[in-house]
Amino acid sequence: MMQKLGDFKLPAFFNYPPYFTLQPVRDTREKQIQLWKELILDYCRTQKVFLVLLEEEFPLFSNPVIERSLNNEARETFLSALVSEGRAEWLDKGHRKCLILWHRIQDWADIILGFVKDNGLEDSVMTVEEIRSGIESRGTELHGMDRTILMRALKLLEHKGKVAIFKGTSADDEGVKFSV
Amino acid sequence: MASNNFFVPASVTSSGRPVLVPNEVECNLLSNVDIEHDQDDAVSSPLKSGHFILTTHRLLFLSSSCSSTAVAIPLSAITHIFSSKRSLKSVFHSPRFRFQVSATPDNRILDSDPGRVTGLRSVVITVVVRGKGDWELFLSKMWECWRGRAWETTPSETGPASASASASLYASDGSVRMVGVGGLLRKEQEMWESTDRSLQEAFQDLNALMNKAKEMVMLAEKMRQKLLAGSSSQSNSANDEELGSKEEMQDWLLSVGIVSPVTKESAGALYHQQLSRQLADFVKIPLERAGGMINLIDVYCLFNRARGTALISPDDLSQACSLWEKFDVPVMLRKFDSGVMVIQSKSHSDEEVFGRLRALVTKPEALRHGISASDAAMTLGIAPAMAKEHLLTAEGKGLLCRDISPDGFRFYINLFSEISLDDLFLVKDYGIYSTWVKASSASG
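Protein chains in written order, with UniProt numbering: chain A, 1 to 180; chain B, 1 to 444.
Any given hint could turn out to be false.
To be verified - Reference listing, derived: stretches of chain B covered by chain A, where coverage requires no fewer than 3 residues with Cβ under 8 Å from a Cβ of chain A: (1) 118-126; (2) 388-401; (3) 414-428.
To be clear, the hints were calculated from the coordinates, so they are not data collected in a lab.
Since the structure is predicted, the reported quantities are computational estimates derived from the model, not experimental observations.
Virtual Cβ for every residue (Gly too), placed ideally from N, Cα, C.
This is chain A alone, in the form it adopts within the complex (with noise of 0.2 Å):
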């Protein structure tokens, strides 16, 4: 008998009580923490979530079967580990918006280069907003990513020189010229 939440399997610890109570004993901590860290990326990959709300409902934090829920602590200790690693970033300083990495920004990066080769667009002009929903990146990762962290990737591509970001011709979107 496997619970689910949707379509995403839960392991059979999801239902194990002291998951849901930060551990106080060290070595104990650091297994519990790396067990929340693999579900929450796991979950937010297959899952296309990108933005955890600490104050919001997030799925996870909450296993209605055993009448369990992390405290707050414990919700900002597991993405803190995930951030230290470079798996997900504060988007404030209260620390309550968090984005879910479950690639890197650099990950994200190559995934654009090869979305750019596999549809010959190495000379192409598209805006932000034809990469995220356009008909190219259909079926894609990119497909539906979230709009922070394509920019990050983006960036860093034109800090590499791979790309130019400009100005587009509505206020809210922006072009992008590739040059790979």
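Following the hints, complete the assembly by docking chain B onto the known chain A.
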């Protein structure tokens, strides 16, 4: 060796307290005492620097370095107590007092009815008091006890109590006799009498003291000045003996109260030492009952209940416990990280407790819902507060982990170490993780 044969051997408990005979009560104690006797063949090593305990029946000498030497002088053998000579010399030398005892022809102290032994000889025993104890009080108490002839009253007076008393630990100690209604009444009576007496004496003493006080202080001050002057001038032959007597003199002056602080501590130390040994003997049975570990607060209650009237303060108790480190006793004081203090027998091992906790948390019901401190307390047969300490220690060792929820604070077997990081869904066919998976899915 010969001197040990001369005296009657006395038995002591494992923590170095004397074992008393029925109806025997401890009356006074002097520390750092040497005992010499004037036998012709007394080239033997005399008894050096030990505790000298006066009881209603005996004088006991316990070597303070190791409890191996313990001898007794029955008060019944004493034929005469010499009144101590007072001289100027006695101020500068260790005080000593002497008494005479009967000895058998084969050079042993008389330990039975003198009527049956012929050819008795007299031996003079000298007690040299090197410590700062009140030896005059000791001597007067010794007079009282000797005259009291407590050894002549038959022990059968106590009747059935003595039979059961041998089972109770406290029977080996004099202070138990003060328990029960009889004890209370007797104590009350004694207190009234002594209050009455001391009230009468107080006024006499007070006047005498007032008369002498000024002289005494002046004398003491003069001596101190002389000593200070002596230590600065180097013309004196500064041999060890003189140095020793100077120290003694300083101590003596301190005890008079010229410069006050040390005395109370030095007197108190001995009290706590004896209390400590007595406590070590006392806790053995409660410890066994409590499974090898008992809360300090519980001991405090039990100990004071057993003492009946002469209660000790919590501070006395903690001091007595902390002295155990210095003695070879089978119990120890243990402080948990939380600050809870317990008394633990040295044979008591955490491993055994962990074994029982492990058995408890791996039962199917405990796998599903964990255990609380009171569950553990019931299984281990100890107080919940103690059980919680054990649970926290086991958690620290990685055996258990905690679950805090609105349902309370519970402990589960630690599964974290068995869960694979490479495959979060992997549950091996063996091990506690798979046992837990089976148990928890059976419930839901």
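> Would you say the stretch 118-126 of chain B counts as covered by chain A, given the rule of at least 3 residues with C-beta under 8 Å?
Replying inline: violated (count 0)
> Holds or violated: the stretch 414-428 of chain B covered by chain A, criterion of 3 or more residues with Cβ-Cβ distance under 8 Å?
Replying inline: holds (count 9)
> Do three or more residues from the stretch 388-401 of chain B put their C-beta atoms closer than 8 Å to C-beta atoms of chain A?
Replying inline: Since three or more residues must qualify, the claim that chain A covers the stretch 388-401 of chain B holds, with 4 doing so at under 8 Å.
Hint compliance for this structure: hint 1 alone is broken.
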